[in-house]
Amino acid sequence: MTTAGQTQTMFDAFQGFVHELRAAGLPVSMTENLDAMRAVEYIPLEDRESLKAALGATLVKHHAHWKVFETVFDVYFAYYSKGVQAGDSDEDDPSADAEGMSLEEMMAAMEGGGAMGELDNEALAQMLMNALMTMDREMLRQIAGAAVSRFAGMEPGRPVGGAYYLYRTLRQLDAEGLVSKMLQQAQDAGEIAEGAYDERLAKEEFEARLKILKEMIEAEIRRRLVADRGVEAMARTLRKPLPEDVDFMHASREEMLHLQRAIYPLTRALAARLAQKRRRRNRGTLDFRQTVRRSLSYGGVPVEPKFKHPKPHKPEIMVIADISGSVASFARFTLQFVYAMQSEFSRVRSWVFIDGIDEVTGFFEDSDDIAEAIHKVNTEANVVWVDGHSDYGHAFEMWHKEHITEVTKKTTVIILGDARNNYHATQAWTIAEAQKRARRVFWLDPEPRGYWDTGDSIISEYAKYCDGTFECRNLRQLRTFVTAVIDAQ
Amino acid sequence: MADRFDSVPQVIERLRSVDYLSDASIAGVVFLADKLGKPILVEGPAGVGKTELAKAVASITNSRLIRLQCYEGLDEAKALYEWNYKKQLLRIQVDRDQDRDWETVEGDIFSEEFLLARPLLEAIRSEEPVVLLIDEVDRIEIETEALLLEVLSDFQVSIPELGTITSANPVRPIVILTSNNTRELSEALKRRCLYLHVDYPTLEREEEIVRVRVPEIDATLATQIAKVVASIRTMDIKKAPSISETIDWARTLIYLGRNEIDPETIGETLHVLLKYQGDIQKARKELGVDGPTSPLRGTASR
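Those sequence lines, one after another, are chains Y and E. Residue numbering for the first sequence follows the working numbering, beginning at 1 and increasing consecutively. Residue numbering for the second sequence follows the working numbering, beginning at 1 and increasing consecutively.
What the hints contain is simulated information worked out from the structure, not anything from laboratory work. Some hints here could point you the wrong way.
[Stated by the list, open to error] Straight line, CA to CA, 20 Å or less: simulated SDA-like cross-link-like pairs of lysine to any residue:
1. E:K282 <-> Y:E204
2. E:K285 <-> Y:A371
3. E:K238 <-> Y:M256
4. E:K285 <-> Y:D366
5. Y:K376 <-> Y:G356
6. E:K282 <-> Y:K52
7. E:K238 <-> Y:P302
8. Y:K52 <-> E:E184
9. Y:K67 <-> E:T202
10. Y:K203 <-> E:D262
11. E:K227 <-> Y:F206
12. E:K285 <-> Y:M256
13. Y:K67 <-> E:E184
14. E:K35 <-> Y:H375
15. Y:K211 <-> E:P201
16. E:K285 <-> Y:E433
17. Y:K52 <-> E:L162
18. Y:K67 <-> E:D199
19. Y:K203 <-> E:K285
20. E:K239 <-> Y:I458
21. E:K238 <-> Y:K52
22. E:K35 <-> Y:E49
23. E:K87 <-> E:P201
Taking the hints into account, I'd like the entire structure generated from these sequences.
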């Protein structure tokens, strides 16, 4: 069925695909590439789900990378899978045979004829409603296609990712109101009983259906964009940073959620590694008394030296975090990190500050729920002294006055902040003193290293007294910090 | 290499025949593992049927399941092989009177007869078809992972005294590793494996799983169960209910003789699904159900 020419085209397509994955940051090795090429030989190419599974299994070895893979896959194979084999599932879609047409021609074809062409907007909305209520996927897909032609207002040649087209289409379809309409309709039909619990379940189900519709529309838009501008250009436009490279300062809500989930394993790893180190190094210093005692059974020759059991090192951690406006989104992350730490380590104390400072250990200990804890910190912690602009000097001074005696040789102090001090006094001596007493002092700065010491940033004033300053803008860097701390233990 | 499967749909079909409901990605990876002769690394949250998959694959291929449970501190002697030291000593004792030179004795006591095969070696030497399950591989230390590499890539074990032992089996065993993702596995290990991430199932799949595993259940009840569980999983809780907990819940409801789920029933039986008091309270609040006021389990907060 496949000729040599086609095989070559497919091979090129796959290599382009792998190339794009690498460009997006996925570490695809040579062996993995070869495995993928071997794998696709066994998979019928028109079976998109299996093809995706095969490529995913051979090329993507981190679950966090799956989303990036999925986007690239959609871009590449929405396009290539069609020309290769007939009988593709897209066959009955009105625009599937539009291969090779330009975007305008495609639009014209859609607007002129087609099953949906003659309907007015209200009829289309009604059809959509019916399709959603009965969950008729085939119908939904056709409606999605018609809606994109009608409402997206796509202009050929524009280097966009399609988010705006999606927004326009959804707004015209009144996507926001659809769920409540569906709920209403189901209630009128007596399909769902009264009560918060039933409504919640029904609402979730309808939201899931709407999500499917959104994905269909998104796929449709993407396919047309790919047809218009070509695969490579489209993939480049859609390229997003990998989850571990997402900047804490500019993370979207969705990315933040992902970060939150990723932080737990990281702190657990930290805790686990610390415990492991403790167990593995089971040799302390020579126990002279025991060794001599043992030597008696060998006639006084110390054949079997005995060692002391090492004292288990119980790390005590103090976290001091800036939660002022300039690091607002970083602060959200910081608090999550602190919360995760406190659930893994038994002895963590935490403070937050702006120009005043307040201990928040209790907030995290009392609440089982991170959202609640963060809310408490934000509303109840007393962190404003004068005007609510960061004043590291004053905050550190207050901390020093109250708590410096509690810092011991077991304590690791971690300070999080951008060290933008609004030209106040540094009071760096407080940190110097903390370093003298503590096991180690670390500083995590959410700004790129290039911005350090520019403007009112005075990080190097404090860095003099820290055992390490780390740029900490994304998960990858946080991971580096965690490993650095572990290795130095 | 003998092929066990013809196509992905066939794998799905055969897995279903042993009550394991897979999907295109799970079955696809199993299919490829057989074709390419590569191990499968299955990752995902606890209780989504990772270990079950290995058992199901063993059962549909009529293979023996050899299991290596990983734990911290696992070493060569427990995973690969060990010399039967007592038997060796005995042999030397017996030989003592006869005048034999060292080489002969050494050749004698370091032979297969004195070798204690541990799971990995056992899988390699097995004559019958084998599925090797290396369970919870994330529990061993990163240094110990290296032990597995030779087995995973070439399916052989090198024993210094004996040489390299390769598989005599015409059917290459299917190797399945599972990980709960408590730590990153090394790149070297991942590169040798096909990667499969198993997540909580979709609504439809979970409903089917419940119906297959608890055959006496009513269809509407199964739907309701799947919906409630899916709803609980969207909440921000410490430990989301796993598939096995869903099945336990379904069985509990059957046992209690409920044919329908109402808010009271949920309130009373939520502790089957959720194991933290905080989670239970949260789920109750969000679902708008009441429950017994006395906590059934101690609080999990530390």
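Here is what the structure says about each hint:
A C-alpha spacing of about 17 Å is found between E:K282 and Y:E204, which places the hinted pair at or below 20 Å, so the restraint holds. Under the criterion of a C-alpha separation no larger than 20 Å, the hint pairing E:K285 with Y:A371 is consistent with the structure, at around 15 Å. Proximity of E:K238 to Y:M256 is assessed by CA-CA distance (about 17 Å); at most 20 Å being required, the pair is judged to hold. Restraint check for E:K285 and Y:D366: the C-alpha separation of about 19 Å stays at or below 20 Å, so the hint holds.
Note on Y:K376 and Y:G356: the hinted pairing holds, with a Cα-Cα distance of about 17 Å set against a maximum of 20 Å. The suggested pairing of E:K282 with Y:K52 is violated, with an alpha-carbon distance near 37 Å, which exceeds 20 Å. Proposed proximity of E:K238 and Y:P302 is contradicted: the alpha carbons are some 54 Å apart, above 20 Å. In summary, the hint linking Y:K52 to E:E184 is not supported, as the alpha carbons are separated by about 24 Å, beyond the 20 Å threshold.
Restraint check for Y:K67 and E:T202: the C-alpha separation of about 17 Å stays at or below 20 Å, so the hint holds. A distance of roughly 17 Å separates the Cα atoms of Y:K203 and E:D262; the hinted pair therefore holds under the 20 Å criterion. For the given pair, E:K227 sits about 12 Å from Y:F206 by alpha-carbon distance, which is consistent with the 20 Å threshold. Restraint check for E:K285 and Y:M256: the C-alpha separation of about 25 Å exceeds 20 Å, so the hint is violated.
At most 20 Å may separate the alpha-carbon atoms for a hinted pair to count; Y:K67 and E:E184 meet this at roughly 18 Å. Between E:K35 and Y:H375 the CA atoms are separated by roughly 53 Å; this puts the pair beyond 20 Å, and the hint is violated. For a cut-off of 20 Å, the pair hint linking Y:K211 to E:P201 stands: about 17 Å separates their Cα positions. Between E:K285 and Y:E433 the alpha-carbon distance is near 48 Å, which puts this suggested pair outside the 20 Å criterion.
A C-alpha spacing of about 44 Å is found between Y:K52 and E:L162, which places the hinted pair above 20 Å, so the restraint is violated. Between Y:K67 and E:D199 the alpha-carbon distance is near 14 Å, which keeps this suggested pair within the 20 Å criterion. Our distance criterion of 20 Å between C-alpha atoms is met by Y:K203 and E:K285, whose separation comes to about 17 Å. Between E:K239 and Y:I458 the alpha-carbon distance is near 42 Å, which puts this suggested pair outside the 20 Å criterion.
For the proposed pair E:K238 and Y:K52, the alpha carbon gap of about 31 Å is over 20 Å, so the pair is violated. Proximity of E:K35 to Y:E49 is assessed by CA-CA distance (about 18 Å); at most 20 Å being required, the pair is judged to hold. Only pairs whose Cα atoms come within 20 Å are accepted, and E:K87 paired with E:P201 is rejected, the gap being roughly 51 Å.
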